[in-house]
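Undergrad: Protein chains in written order, with our numbering: chain P, 1 to 406; chain H, 1 to 207.
No lab work stands behind these hints: they were computed from the structure. Among the clues, some could well be false.
[Unchecked claim] In silico negatives: residues of chain H with every beta carbon more than 12 Å from chain P: (1) T22; (2) D27; (3) P40; (4) P79; (5) S90; (6) Q105; (7) Q114; (8) G121; (9) I124; (10) G147; (11) E174; (12) F185; (13) P195; (14) F204.
[What the hints assert, rightly or not] Cross-link-like lysine-lysine pairs, in silico, DSS-like; alpha carbons within 25 Å at most: (15) P:K105 - P:K166; (16) H:K95 - P:K246; (17) P:K247 - P:K323; (18) P:K157 - P:K247; (19) P:K246 - P:K285; (20) P:K99 - H:K59; (21) P:K246 - H:K93; (22) P:K323 - P:K289; (23) P:K99 - P:K166; (24) P:K285 - P:K166; (25) H:K93 - P:K157; (26) P:K247 - H:K59; (27) H:K93 - P:K107; (28) H:K93 - P:K99; (29) P:K323 - H:K192; (30) P:K23 - P:K99; (31) H:K100 - P:K105; (32) P:K166 - H:K59; (33) P:K105 - P:K246; (34) P:K323 - P:K246; (35) P:K157 - H:K100; (36) P:K285 - H:K59; (37) H:K95 - P:K105; (38) H:K100 - P:K99; (39) P:K107 - P:K246; (40) H:K59 - P:K23.
For each residue, glycine too, the CB sits at the ideal point set by N, CA and C.
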Amino acid sequence: MNIRVVLGFALLAVVSNATAQVKGLLQVGAIKGDSYATWQEGGVGLYRYDTDTDGIVLTQGLIDFRADITSGWSAHGVINAYQDPEPTLGFSQVYLQYKPLTSSKYKWHVRAGGFYPLLSLENPDMGWISPYNYTNSAINSWIGEEVRTLGVEATIKRPGRSFNSKHSFAFVGATFKGNDPAGTLLAWRGFAMHDRQTTLNEEVAFAAVASLDTPQLQFQANQVLPFEEIDGRFGYYAGVHWDYLKKSQFRFYYYDNNGDPAAVNYSTGQYAWDTRFASAAWLYKFNAKTRLITQVMSGSTAMGDTRGVDNRFYSHFVLLSHKMASHRLSIRYDYFEVTDKDDWAFDPNASHGEGVTATWRYQLSPQWQLGIEGSALHSQVDNRAAMDIAEKVSQQQISLNAQWRF
Amino acid sequence: MKFITFVLLAFISVKSYAVTVTISDLDQQTVANVVAWLTPLQASENKARTNQSFTMSQKDRQFTPHVLVVEQNAEVEFPNLDSIMHHVYSFSKSKAFELKLYREQPQAPITFDQAGVVELGCNIHDWMLGYIVVVDSPFYGITNEQGQFSFDVPPGEYTLSVWHEGFGDISSTESQTVTVSDTDFNYQLKQKVTPRIAIGVDEFDEY
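With the rest of the complex left out, here is chain P:
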């Protein structure tokens, strides 16, 4: 597992002589969390923080680097520092990119390593963070915690301007190993709303779900190692980007980790989940100041040799963001649900909820930014009853953030 970190640092050493661009960001927040303990601490809360973390915390700390080895080859990485749930330092992305200069009007590039599929239009800032809300949408909270490509991705672009067209297209295809347990959190916790990305060697905890004490689920650990390879099979995804003058940007992706639900790693307590989803994201600029971002995701996930845990999941969000001089106001509505399709009545997986998040950010200088955010959600998760917790829960979280970037 830690070999990825070692590889990352080795890569850093190799490229340290090349032209490098290093950016970074530190974000400190004063948080007023909710009384329900966060899933990170084994609670059922769907926010990153709870009353135990009230006070000043490091909400984001990252270094985003790019080093050019040759004209076409470059090395990229993002190192994240977190103090919740435990102080950690790790890579959330580390990959090599080959993007040759070509006289063709079509452009292409290849990425190899660990990285995000570019299906979100909500997270374009450095280190895959959002410039809009601090708390990500339910969809991209899940992408940040359980989805990562550990493989090879190829992209062919048809830039409109080179063809005297207002329409630009990109076609993306990837194959990868790892990412077998993706879907675990959706089954036993449901969607959440946060900006805590999982680094490549991390594990994510969730509540002590009662059904994990049954013989059928006895080998499942009370945590997920989302990027682990379990079944030895390759997963894949394909995507298309369609831009109209950059005023309208549309992305459609189909992802299938091709997991073998019968495969299990007994030592880590992780199953391979057969997880697949389609995601459509659209960004529309009404003008230079106001934009709409929306995304819809629909998929399924199953584990166990009889597909004893078999769920569908669905989520969408609508985000409106308006920029006035140094101020940016962003408001987002999220809907999310998991539907239980299997007949294991002792393991209820259904959940649903919705949330509203409003954020105001003020750019003091190119380096400094201040912001405040309020978020409220309510959720129903069927497996809470067996833990003696109300199935329906309403939560709020308020944060004041100061961000410094270099």
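Given chain P, put chain H in place with the hints provided.
TA: Relative to chain P, chain H alone:
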């Protein structure tokens, strides 16, 4: 002294005319952003415009200016005014080059020693597109919104060459022989001009 200056000025004003050329398309509509230059038919002691420094900046993830006209053998600087890096290149016949990823000012200016059209791109930002038109004459310019441009040229026989980025073949030019006297003249393009596509981008469009 005043007298000498007067004589000198009079001499110069006799030697060249400020003529205005108006360029229109097939539909008789005037066309802006047409690059036009005059090359004398008889070789003369054309003096190159001296001490001119040219820059093709990268600002807000676009080439600025979008079209730059320079005389052959001119040196052009490529300052990067953005806080991010650019990777500028050209595959054009008259000048192929690459400026590897850089911030601020790349090492040395680039000399454009061959006349022709140089198409610029950025390997990081696909939408960035710019042109440097290298001409073999000191009499050149770009038409304004009224499709006009004024030359200050001595009278005589010239070849008028024109180029627009909307031409079907981006590396081709149109030309015609013209006689420069004290009258303005018009030129009608022989081909359809595809309108320029302007793409407005911001700091989050790179993702």
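Undergrad: Holds or violated: P:K157 with H:K100, Cα cutoff 25 Å?
TA: holds, 21 Å
Undergrad: Just checking, H:P195 versus chain P, shortest CB gap more than 12 Å?
TA: Label violated. Min Cβ-Cβ 9 Å, cutoff 12 Å.
Undergrad: Is it true that the CA of P:K99 sits at most 25 Å from the CA of P:K166?
TA: Satisfied, since the Cα-Cα distance of roughly 23 Å is no more than 25 Å.
Undergrad: Hey, does H:Q114 actually stay past 12 Å from chain P on C-beta?
TA: holds, 17 Å
Undergrad: P:K105 and P:K246: Cα distance at most 25 Å?
TA: Within the cut-off at roughly 18 Å; holds.
Undergrad: Just checking, H:D27 versus chain P, shortest CB gap more than 12 Å?
TA: For H:D27, whose nearest Cβ neighbour in chain P is about 19 Å away, the distance exceeds 12 Å, so it holds.
Undergrad: Over 12 Å to the closest beta carbon of chain P is the bar; see if H:G121 clears it.
TA: Check fails; 8 Å does not lie beyond 12 Å.
Undergrad: Could you let me know if the closest chain P CB is still more than 12 Å away from the CB of H:G147?
TA: At about 21 Å from chain P, H:G147 clears the 12 Å cut-off, so the statement holds.
Undergrad: Please work out if H:K100 and P:K105 have their alpha carbons no farther apart than 25 Å.
TA: Given that 25 Å is the threshold and the Cα spacing comes to 20 Å, the pair holds.
Undergrad: P:K323 and P:K289: Cα distance at most 25 Å?
TA: Roughly 5 Å between the alpha carbons, so the hint for P:K323 and P:K289 holds.
Undergrad: Can the restraint linking H:K93 and P:K99 be considered satisfied, given a maximum Cα separation of 25 Å?
TA: holds, 22 Å
Undergrad: Check whether the Cα positions of P:K247 and H:K59 lie no farther apart than 25 Å.
TA: Holds: P:K247 and H:K59 sit about 19 Å apart, inside 25 Å.
Checked against the numbered hints above, the structure violates hints 5, 8, 9, 13, 14, 16, 21 and 29; every other hint is satisfied.
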